[in-house]
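Asks: Chains as they are written, first to last, in our numbering: chain L, 1 to 227; chain C, 1 to 372; chain F, 1 to 184.
What the hints contain is simulated information worked out from the structure, not anything from laboratory work. Incorrect hints may have been included.
Claimed, not checked - Below 27 Å or equal to it, Euclidean Cα-Cα: the simulated DSSO-like pairs (lysine-lysine) are: (1) C:206 x C:124; (2) L:121 x L:172; (3) L:221 x C:124; (4) F:166 x F:85; (5) C:206 x C:27; (6) F:85 x L:95.
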Amino acid sequence: MRRFLAPVLALSLLAGGAARAEDTLSPLQFQSQGPLGTIDKAAAQRGYQVFESVCAGCHAANQVHYRDLEALGLTPDQAAGEAAAAGGTLDSPIKGAAPMDMGGAAPPDLSSIVAERHGTKYIYDFLTGFAPAPGGVTLLPGHAYNTAFPGGQTAMPPALHDGAVTYADGTKASAQQQAADVAEFLTWTADPNLDARHQIGFRAIIFFGFLMIIAIASKRKVWRASV
Amino acid sequence: MTTQAKEPWAATRLPYLGALCATFCQKTRAPGASYFEVLPFLISITAAFLTLSGIVLAVYYNPWHAFDSVQFIDRNVNNGWLIHAYHATGTTMIFGLTYIYLFRAILTRSYRAPGEWVWMLSVKLLAVLLLTGWLGYVLTGGAAGYWSLFNASNVALSLGGLPGAVGVWFFGGPAGGGTLARLEVFHVFLAASLLLVVWLIHASRKTIAAPAPARAVAFYPYYLAQYFAALAVFAFIFVVLAFYAPHLGTSHFNRIPAESLAVPVGAGVPWYLAPAAGLIGAFSSTGLSIFAVIAAAAVLYALPWLDRSGANGAKGKLYGFFIWVLALDVLALGLTVHGGCPYAATLAGVFTAWFFFHFLVITPLVTAMEAE
Amino acid sequence: MAESAASHATAHGGSRRDFLTLLTAATGAVAAGTILWPVIDALNPDAASEGAAHLIVNVSDIAENTAKTVQWGGLPVTIRKLTAKETLDNQAVVPSSLPDPASFTDRVNAGYPSFVVVIGLNTAVPCALEGDSPAEPRGDFDGWVCPCDGSEYDPLGRVRKGPATKNLAIPRYTFINAAQIQLG
Chain L
1 MRRFLAPVLA LSLLAGGAAR AEDTLSPLQF QSQGPLGTID KAAAQRGYQV
51 FESVCAGCHA ANQVHYRDLE ALGLTPDQAA GEAAAAGGTL DSPIKGAAPM
101 DMGGAAPPDL SSIVAERHGT KYIYDFLTGF APAPGGVTLL PGHAYNTAFP
151 GGQTAMPPAL HDGAVTYADG TKASAQQQAA DVAEFLTWTA DPNLDARHQI
201 GFRAIIFFGF LMIIAIASKR KVWRASV
Chain C
1 MTTQAKEPWA ATRLPYLGAL CATFCQKTRA PGASYFEVLP FLISITAAFL
51 TLSGIVLAVY YNPWHAFDSV QFIDRNVNNG WLIHAYHATG TTMIFGLTYI
101 YLFRAILTRS YRAPGEWVWM LSVKLLAVLL LTGWLGYVLT GGAAGYWSLF
151 NASNVALSLG GLPGAVGVWF FGGPAGGGTL ARLEVFHVFL AASLLLVVWL
201 IHASRKTIAA PAPARAVAFY PYYLAQYFAA LAVFAFIFVV LAFYAPHLGT
251 SHFNRIPAES LAVPVGAGVP WYLAPAAGLI GAFSSTGLSI FAVIAAAAVL
301 YALPWLDRSG ANGAKGKLYG FFIWVLALDV LALGLTVHGG CPYAATLAGV
351 FTAWFFFHFL VITPLVTAME AE
Chain F
1 MAESAASHAT AHGGSRRDFL TLLTAATGAV AAGTILWPVI DALNPDAASE
51 GAAHLIVNVS DIAENTAKTV QWGGLPVTIR KLTAKETLDN QAVVPSSLPD
101 PASFTDRVNA GYPSFVVVIG LNTAVPCALE GDSPAEPRGD FDGWVCPCDG
151 SEYDPLGRVR KGPATKNLAI PRYTFINAAQ IQLG
């Protein structure tokens, strides 16, 4: 599988001319935020790599199929290669774990997690928010302390570690970089049409704004002529 | 030239085209009508648009796997996300238009004779719209919608006697796998009856329309230009919302699939159902809540007779002030549902009490006082 | 004076008003079209149906002398990998001697001549064929045999014996790379 992924990603990213990924960490910014946001495809591809290597051990993303990966810049045969390496076809959901019991809580399906919870930045804050419990807080059994999670205690253990993933495009895989990339990838899985929506919406607003102005002008001319 | 020459040809071949041209081309209308008079037309257009997008959604929607089918529409159907946004934004727009239309009807006292029938049809429009909108929200298969259905069906099933029988008939038993299948059919049926109510409003308004004044204008091109301009403004607002805020006013709990173990914190109703939800939530007893909803509809229907100012009476400024207070009261009632406020039930009680006080006490007294 | 001013305004502003009205009406028509087109397009095949319609099959896991069968559009599509000997033998067959004449190059893709892609149904009586694996009966020509009427086919899917008179149908396909075929 690795023999497909590394040269494929490297080629597609070189072709795209992406900016260095570390630039997005200081200050932390996500290209997908805001009304004019677009999905950072390079970051999303890296995030897919992190999802595959780390998150898929416990989580699933059953609403995302291998054919959908073409929207991130993969060609159809690259996507089919990913699918074949995972033992599926283009129409299979991307490989993830079956639901499991983590002391009473099940790891949620991540397909729409960014919409279900509190947005892209929240996912980044959650993934980088694992910390030792402060004094006076007794951890429930099997739980970890997290500064971003409502209530402070989550049944998920800290998952991202520096260098645990080797990025195909050579970006340094610090835990923060992995968290930022996975957040962008999950933003895409929750809203795969974000780019189209913002692009078409921008043009639609200009067009309908123009229509509104000439319609009102036309009405005033008709009314002035009739009186 | 063209109108006169064409009319005989069309009229001798198709009976209604001649009448159509008479409505639109003859000078029968007073000039200078306000933009607000276009609201029923905009409501009709939105209803038609909701029907069209609803038909496409219905092709792919599966009530037995509701949440997954909506995800399928968003992710796999060509422009499915846009059709979904059309339907959701269209719902927001139709409720916004209807609330503004009713508010303006009260403000301009157009419910007085001979407009009582149009007023009652308009209240009926709001009632049918609320039920259709609630069913649509439940059909999304999200956690908030599911819990709303769960609560409503449990209440309906717990009633005794005839109301209980009607409740059992409507829901077909406790909320389960097949409930959404029947609710989808009800949603479609109610949407069709909505179109009927809108048509009846249009027909009634025509019947009570004032006769042509001395200086009259035809619909074409005078009012066509105004209707088109209003439609263009409406379309602009629609486009901004559909592309940049497709989930406006809905709870983010509804983005979680319905699951009996996931209980949302807070009610999670969409904005257009908030005032009704506030009214229901003001009472701790089920019977009282149901009675309050029926009573609210009743006082709205009865407004033409609660207003004591007479058909051509003055439109007093004091009552006008109280109408704006009523609007704020309804808004505040909706906000109590938002969740998080510990005094929500008490406040909802206060705002509900004011709602009935406005119609049953203030309206007769103040309008009678200002009529002299 | 008022009338002449009004008529002057109409004459002068008349052509301008017509242009504005025309522009407004045309823009409105375009707006209606752009809003309504997605509604119509939504009923075109969705991504899952498109995926099923243009199925991509991995052929790198097919061993020589065996075949893989996938379901596509309600039909079984069989993909078989030829051995070198089968290739030579079948290239040597004279097409005119066959019940349904076809040469070797008619039956395979020029760039990937060791793969045969056919619809795995007998062309006489529609019946699934046997012969995908070497263990199954393959008939005298080492290809496929129909268990329903006994028709026999060679490894290229050409009919050689039996009630059938037409070669196995070849679906539309392309090799998107050495390991994958896209059907349709």
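Asks: Indicate, hint by hint, whether the structure satisfies it.
Replies: Do the hints match the structure? See the list:
Simply put, residue 206 of chain C and residue 124 of chain C have alpha-carbon atoms about 18 Å apart, close enough for the 27 Å limit, and the pair holds. This hinted pair checks out: residue 121 of chain L and residue 172 of chain L have alpha carbons roughly 20 Å apart, not beyond 27 Å. Simply put, residue 221 of chain L and residue 124 of chain C have alpha-carbon atoms about 38 Å apart, too far for the 27 Å limit, and the pair is violated. Between residue 166 of chain F and residue 85 of chain F the CA atoms are separated by roughly 24 Å; this keeps the pair inside 27 Å, and the hint holds.
The suggested pairing of residue 206 of chain C with residue 27 of chain C holds, with an alpha-carbon distance near 15 Å, which does not exceed 27 Å. Note on residue 85 of chain F and residue 95 of chain L: the hinted pairing is violated, with a Cα-Cα distance of about 40 Å set against a maximum of 27 Å.
Hint violations for this structure: numbers 3, 6, all remaining hints satisfied.
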